[in-house]
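**Q** What follows is each chain in one-letter form.
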Amino acid sequence: MPGKRRQVAVSGEEPRGDVLVEVKDLKKWFPVTGGVFGRLVGHVKAVDGVSFYIKPGETLGLVGESGCGKTTTGRVILRLLEPTEGAVYFEGANIFDLNREQMRRLRRQMQIVFQDPYSSLNPRMTVGDIVGEALEIHGVARGRSKEKRVRELLDVVGLNPQHIRRYPHEFSGGQRQRIGVARALALNPKLIICDEPVSALDVSIQSQILNLLEDLQAEFNLTYLFIAHNLSVVKHISDRVGVMYLGQVVELGGAEELFANPLHPYTEALLSAIPLPDPELKRDRIILEGDVPSPLNPPSGCHFHTRCRWVQPICRDENPPFVDVGDEHFVACHLRKTREKQ
Amino acid sequence: MGYGMDGLWARARRRLGRNRGARAGLVIVGTLAVAALLAPVLAPQPPGRMDLDRVLLPPGPGHPLGTDYFGRDMLSRLIYGARVSLTVGVVAQSLSATVGVTLGLVAGYCGGWTDLVIMRLVELMLCFPDLLLAVGLTVALGPGPYTLFLALGLVGWPGMARLVRGEALALRDREFLEAARATGTGPVRVLWGHLFPNCLSPVIIAVTGGMAACIMAEASLSFLGLGAQPPTPSWGSMLNLGRPYLHLAPHLVIFPGLAIALAVFGFNLLGDGLRDALDPRRSDFPG
Amino acid sequence: MSRLLELDKLKTYFYTEEGVVLAVDGVSFHIERGETLGVVGESGCGKSVTALSILRLVPNPPGRIIGGDILFEGQSILRKTEAQMRDLRGNDIAMIFQEPMTSLNPVYTCGEQIAEAIELHQGLRKREALEKAVDMLKLVGIPGPERRVREYPHQLSGGMRQRVMIAMALSCNPKLLMADEPTTALDVTIQAQILELMKDLKQELGMAIMLITHDLGVIAEMAKRVVVMYAGKVVEEADVAGLFRKPLHPYTEGLLSSIPRLNRPQGRLHVITGQVPNPVNLPPGCRFHPRCPYTEDICLQREPELVDTGGGRLVSCWVRAGGSRAEVA
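Residue numbers (my numbering), protein chains in the order written: chain A, 9 to 350; chain B, 2 to 288; chain C, 14 to 342.
Be aware that a few hints might be false.
As the list claims (entries may be wrong) - Derived list of chain A stretches under chain B, where covered just means 3 residues or more per stretch with a C-beta under 8 Å from a C-beta of chain B:
no., segment
1, 123-134
2, 140-151
Stated by the list, open to error - Think about it this way: if two alpha-carbon atoms lie no more than 25 Å apart in a straight line, the pair counts; the simulated BS3-like pairs of lysine-lysine are:
no., chain 1, residue 1, chain 2, residue 2
3, C, K151, C, K139
4, C, K93, C, K24
5, C, K188, C, K139
6, C, K188, C, K212
7, A, K290, C, K215
8, C, K188, C, K93
9, A, K290, C, K259
10, C, K212, A, K290
11, C, K237, C, K188
12, C, K212, C, K151
13, A, K35, A, K63
14, C, K237, A, K290
Bear in mind the hints are in silico, worked out from the structure with no lab data behind them.
Think of the CB as a built atom: it goes at the ideal place given N, C-alpha and C, for glycine as much as any other residue.
With the sequences and hints as input, model every part of the structure.
**A** Right, here's the structure in full:
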């Protein structure tokens, strides 16, 4: 294996006490088989050594381009996928050590809101059944009390409670996303993973959903892991932001700080690539050459070295450590120190 | 679990209503079903009543479709024959749908080894010509209605399993199933409560089309003498028994033949209409 | 010389089971030679149908152009024969789509697909056309064009495919390039590459671009003039700087204040209340009135017209421009 094992700054065997979720050196490799006999030819390293933590009540944003592993990270944290390596601590307990029944109980604490408001709602179920199913499964409420709770939830997310018997196709995209949010809220979870919750929505509807998510967070003291590719949206809603590239978090810091003072060359390029809705603003663009390499065979050393304009020999050989440069601003770049001096 | 289907049915009804072929199919199938249900009331005579003075009569007064070589009324026998044909269709299709849907869902949703084993079994079944399999089974178990159900049901399930597996495979990674699992829904409920209702449209279409195939198969088996046994009237056996009199009394063959053709035609029309009506991919406005 | 493209009260309707969809309902705007016009709007506002109408590619049934006119270099497109249209498409007017995977044919190589257009419109032989295809790939910045020309679409990344699409569209030197959400399916860093490429090519080749998108950032970056559409109508037209500095229509205003900004501090996001209206059941009067914070009585009753407020700024709003109130009085 090229490169050394990634050092993790949030290390130490014991989970941190003051956080809700801690992800430690998480890896999810998907086997790739080929040929007539289904021989194993390699692994797609979708998540390749990711570590971060989420504090109670905060929103951690996770950004990156397609294939960077942000969605897979979310799925593994929910244990919808089993990890290849690493641990996820929820309130101090490693969720991968839980048995079936313990996991089922834990599911009440963590929920997910999906990207596509069309494919994430079962077209053959009524809104009442979609939102209320979790209540039934976990024995929280059934019959009348279930219906009452569903009506409350619909009201909370800004839908008409009388529409409880309607089907998803009778709602617009924005309203469907509200149904998805109501479903996630049903069991009073502590953590909600929002996987691109506004990407499929029209601009004028996006802001409605973003505001709703903020209101709900304040009202129910929710913690969000907000996964998205739109940096403006992520900056707006997040307290802290992590930037992913090819299965790794390359930089993580407070939202304002990260966007004002990006330390990783990839973050820098990503920020400058966004077209700003401000025609009179003139700025220098950093245009990255080429495409994102395949996660099937990521580059050696620093995964970004093939597109980095500052690349040095060390970048090709060694995977840079993910270190805290102060104020919980983490970055994984060999050249951080030398560039700071310039 | 009581998941409603209102959206699906309402749209299907609306579209079916506008499709001429489907309406015609519905009328044909409906008429046959009523005939089969109300056979004792509708038939002018008991199907088995012989009248050896009036054998091989051509269609005419008293016997609108003529009589056979035992002087039995052809119309009555045809009406009773609808019972056999439809029952065989319904029972055999239910059997193959139950087995096929279950195995298909499990194979498509679970994937891996389960899928591999089930699909190899399906392919094995599909290796044998349908009719040969049915004939073999009938010979092994002896002819009779239950054998017929079993034989035709057994022939139908691999196709159904394949169809449902494909649907399940396409739906497996849809986010609403992931949402269900994220809530802690168990696999059985995910399979039957979430996945199955979404595979229903193609299953309904396949079952309707399969009815036509079953009626044909029943007729073929009965024609070979392996289906309904005398004196039970069935369209296929009527054809078979009328064959020696082809030149003398062609109506003995023509009317059962027409009945089979009509039923198959009706079910096929209905099947095609349902395909159009239930297919959610068929949308009217491009964007 | 006449304008390159002029739409005059274009109406394209779709006759569906649910009713008549007024997808494009009296849309007028124009494009000058060599300029980039941005067309902004949300899904279902009619921006894509407008583009398809210009090429006369509206799927029929259920769609049909039922009124108005489209003038290309002063000639009515609607009166052309199908043969004349085929000659126009790809040659004078080219189009690129959002999804580069589905708009390329998977069974032909990229070179063959580019060469086909060249053979068809420029009467070159196959070999010459293939050579030109290599040049085109070089032009759109594809590394190793001699090799890429023999590759199939699935062998290319999304960004590369969009480059191939652009190469194909530009191979016959069109006067107008219509780009329908050309970067929406791409990652930000790849989007930046493609936008840069389009700017460079426009400089080099001098064609006009009609850029259709929902992304106001892309509009700000690329367009000179902007047309804002809502529910099948043009609600505002302005030069890009003016539009972003001071939007006139309440819809544009709401849109601009509801997007999260990277470069300026922002509290709670502004919200346009309600939903995009159902296209078969549009509200009477101004179509935006149920969502508009400034609604007056007249907005509920009469549809405002697009009024020139001077300086190339047009707006269709009773409150902001009187929407031809003079005529009513």
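**Q** Are at least 3 residues of the segment 140-151 of chain A within less than 8 Å of chain B when you compare beta carbons?
**A** It holds: at least three residues are needed, and the segment 140-151 of chain A offers 4 whose Cβ sits within less than 8 Å of chain B.
**Q** Within 25 Å, alpha carbon to alpha carbon, are C/K188 and C/K212?
**A** Roughly 15 Å between the alpha carbons, so the hint for C/K188 and C/K212 holds.
**Q** Just to be careful, I want the Cα atoms of C/K212 and A/K290 compared with a cutoff of 25 Å; is the pair within it?
**A** holds (15 Å)
**Q** Within a Cα-Cα threshold of 25 Å, do C/K212 and C/K151 meet the stated pairing?
**A** holds (16 Å)
**Q** Check the hint pairing A/K35 with A/K63 against an upper bound of 25 Å on the C-alpha distance.
**A** holds (21 Å)
**Q** Taking only the CA atoms, is the gap from C/K237 to C/K188 under or equal to 25 Å?
**A** holds (17 Å)
**Q** Take a quick look at whether C/K188 and C/K93 sit within 25 Å of each other, Cα to Cα.
**A** Given pair C/K188, C/K93 holds - Cα atoms ~18 Å apart, limit 25 Å.
**Q** Is it true that the CA of A/K290 sits at most 25 Å from the CA of C/K259?
**A** With Cα atoms ~19 Å apart, A/K290 and C/K259 stay inside 25 Å; holds.
**Q** Given the hint that C/K93 pairs with C/K24, does the C-alpha gap stay at or below 25 Å?
**A** holds (17 Å)
**Q** So if I understand the rule, the pair passes when the alpha-carbon distance is 25 Å or less; does C/K151 with C/K139 pass?
**A** holds (18 Å)
**Q** For a C-alpha distance cap of 25 Å, please report whether A/K290 and C/K215 respect it.
**A** holds (20 Å)
**Q** Measure nothing beyond the straight line between the CA atoms of C/K188 and C/K139; if it is 25 Å or shorter, mark the hint as holding.
**A** holds (24 Å)
When each numbered hint is compared with the structure, no violation occurs for any of them.
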